[in-house]
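Given the coordinates of chain A, assemble chain B onto it according to the supplied hints.
Heads up: the sequence lines are chains A and B, in that order.
By our numbering, the letter at position 348 of the first sequence is numbered 1745, and the numbering carries on one by one without gaps.
By our numbering, the letter at position 47 of the second sequence is numbered 1444, and the numbering carries on one by one without gaps.
No wet-lab data here; the hints were simulated from the structure.
Heads up, some of the hints might be wrong.
Intra- or inter-copy, both count: the list cannot distinguish identical chains.
Quick list of in silico lysine to any residue cross-link-like pairs, SDA-like style, CA-CA up to 20 Å [claimed, not checked]:
1. K1451 - H1812
2. K1542 - S1569
3. K1642 - N1698
4. K1645 - I1661
5. K1642 - F1579
6. K1451 - V1704
7. K1504 - V1708
8. K1645 - G1663
9. K1451 - R1705
10. K1642 - S1582
11. K1635 - K1673
12. K1642 - W1583
13. K1856 - P1676
Just so it is clear, the structure is predicted and the values come from calculations on it, not from any experiment.
There are 2 protein chains.
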Amino acid sequence: MDAMLIEGEAWTSSLYRTLQKAVEERKDSIDVWYESPAVELIQDAKTKIIHGVKVDNKGTILNICAKNGVVLCTGGFENNMQMIQDYLQLPYGYSKAARYNTGDGIKMAMEVGANLWHMSNVAGPDLNVLNPETNTAFAYAIQGKKDSLSTGFATQNVIFVGADGTRFTDESLIPNHGHVNFHGSWTHMPVSLPAFAIFDETARLSQPVYPTWSEGNVEEIEKGLIVKADTIKELAEKIGVDSDKLQKQIREYNSYCSNRKDPIFGRAKDTLKPIKKAPYYAMELVPSFTNTQGGPERNANSQVLDVRGHVIPHLYSAGELGSMFSSIYQGSGNLGECVAFGRIAGQNAAAIKNDTTQESVMEGKIALKASWQEPKEIIPRSGEYLGEDRGIGGPIKVLVAMNNDEITNIEIIYHNETRGVSTNAIDTIIQSIIKNQTTQVDAVSGATVTSKALMNAVKNAIEEKE
Amino acid sequence: MDAMLIEGEAWTSSLYRTLQKAVEERKDSIDVWYESPAVELIQDAKTKIIHGVKVDNKGTILNICAKNGVVLCTGGFENNMQMIQDYLQLPYGYSKAARYNTGDGIKMAMEVGANLWHMSNVAGPDLNVLNPETNTAFAYAIQGKKDSLSTGFATQNVIFVGADGTRFTDESLIPNHGHVNFHGSWTHMPVSLPAFAIFDETARLSQPVYPTWSEGNVEEIEKGLIVKADTIKELAEKIGVDSDKLQKQIREYNSYCSNRKDPIFGRAKDTLKPIKKAPYYAMELVPSFTNTQGGPERNANSQVLDVRGHVIPHLYSAGELGSMFSSIYQGSGNLGECVAFGRIAGQNAAAIKNDTTQESVMEGKIALKASWQEPKEIIPRSGEYLGEDRGIGGPIKVLVAMNNDEITNIEIIYHNETRGVSTNAIDTIIQSIIKNQTTQVDAVSGATVTSKALMNAVKNAIEEKE
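The following block holds chain A by itself, in its conformation from the complex:
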């Protein structure tokens, strides 16, 4: 669900709070478990019935038996870079809402034979700044006029340019959930990457880029989120864009401001503000989205279907995971779908099933009853020490080998960080710690949380020794 809706910064969160309250009022009959992600569906190989889920409860795998049904509502794959590349026609992209939607529900559904649908549809991309602390994009749009959806920063003395230093969109138009009216048809907004917002001193002083940013965006310049230069030429060199093309683009754009007309993209007249007061600034923009739409195919009963269109017995889904919205612009229909199909899925999953008396269930009885299973225990040998800290995806556990005070090896025992930038960061940090013999090494850009958690885990292991 939308970050603003939950955090209440722009709207009142009334829908979310109503649902939350209804759950709390039923706490005698509804157990809510946090930090217990499902890791696998339990399926009978013969009947294909789903009998429950395996969950990872702080490192312990627990089999949860479901008498009548399981509802998958794990959200989409906003934080899974491999799936973004595989399904969204983008080389990269970032969530601006949920931080923990990793596509695990899609993988679990595939593992029990589900068909997928609507995989390339997404409520995005629009362009925002990446927050390296969270590996998600800052929320709100910056395109479009200032309102409850947009900070309006891009309507100041700001243009967006693509990889070659030229403009590719109307900065004054807010992309509706990442969709634009492209010559009469609503399509995903075409973007050139890497993309940058280019602006001048007047724009910097006009407003914080985001409501959470500092006055004059001073802190964000210090943090490196904004690059500063005295000339456009120097700015172009700093961000790796052709400086002749960027200078030409700014001259052209400034002439549109003088003429009060943008003949190329039709930017709104009252937002045609020239870029002319030094120093100049650049800010990298990334494709961002509120949510994905793809996932297991479901029917009108919220039942999940296999690749031949047959129901997978006792498996249901709701929410953005396998949403009914295909390639069209879904508007604000996502919430309506969540409520309607959440209710349908819940009712049907709770309904008593007659097919559970089958032989297969009896056969599987012992394996399927709820039971705590200890994971394989790691017993450190002499000179080895265990350490742990929390990353973005949960605990990061390490086994550090020491020879007196020298760190000779670091082995990852457990992690659930995002594939791609975060897992690459793990390799980099390990090499760096061993090379420099200190846990105070540089964090990997774009994976700060993972980097720091890993350093802390190693530090904790070393302290274990002492």
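Relative to the frame of chain A, chain B by itself:
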């Protein structure tokens, strides 16, 4: 593989012919079966080993045992409209090469637990005319200058417009396998749909749109592939585009021709030819592609992987089915990949496996040996007659119920036509035949082959009676 490469119209087909010859020379050891599509992989539920495939040999299901491995190389999903919507961010699109790639290999791989990758990458879209006889797009590009890849028609007195009657691209630039340099980054060509080529009498007489079209494109006007009108206003009304916007766009474009400069999309100077000689013409363009890239994930040994990254034993893949090309522009790398990974997959699939002596194989021995299985036989009751003809996807079999000379019901016993337009056509034709009591009804536009095959099948059933 590319249509031109096989049919030899533009190039020499030398690669394809070399491979074909090599297979023919080995006919003592290689059996080639046509009209026997694989319909399911045979997998051991416990070991996950792939032991063979079920094939549909003209209506009879045959289990083919594979001693050491199965190589999936079924191509992509160019002809599966549902998958195009689900994976390509397009509401519709058409193959301009293979006619029989329906995504069946992807479904079969999913059914045995394969992970998918690179699903949204496609060698397209570029814009071409749909051939309603084949339900594929005419091959060659029409954008770009005339060469071995393009007919160059769009560089005549022709513009492309989108749903609102405005231009959205540089008609003089050929999209490289559907990719364009979008402000410095190579992306899939953004398209506005429905799209139209708008041209005048001078363009019509300049050349056939495609090499297979008639002189002056006269036959294609008669067939309705080209719409003709005396004025732009009338033309706009015929194709359902805002006539004021289209007239304004043509005036603007003609002014670029006078000024020898297209300030919006930078169309090449020598192609700026005005649209001014009546009558005027419009031709609908559809997104088209040579091939898709997505499918089951494979490793460097051409082994297919499951959603947790484990090898599915004895299953290999090659070609565009799960190509290694992710979100980047694949250039002409597809053929290189076909050759390299075809060889790797073949060698590894043929290598003798030690894991086939497992108990599970013995257990499954009877079920897994090659054996002919008769499909459920349809025995017509009194007043019912069987008929058959060939559609695009293979045989269409019908059971026609007659009351004396009246056709009272038509039941489809078997068909493998494309989901979407073709299956909708089946319903329409059946209703139409029953309503009009004749098999001479209008074919459904876009599904002519399916329509005619169905009419013939019913006709054959009626003749069966007589």
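Worksheet item: Which of the numbered hints are not met once you compare them with the structure shown?
Response: 3 and 13
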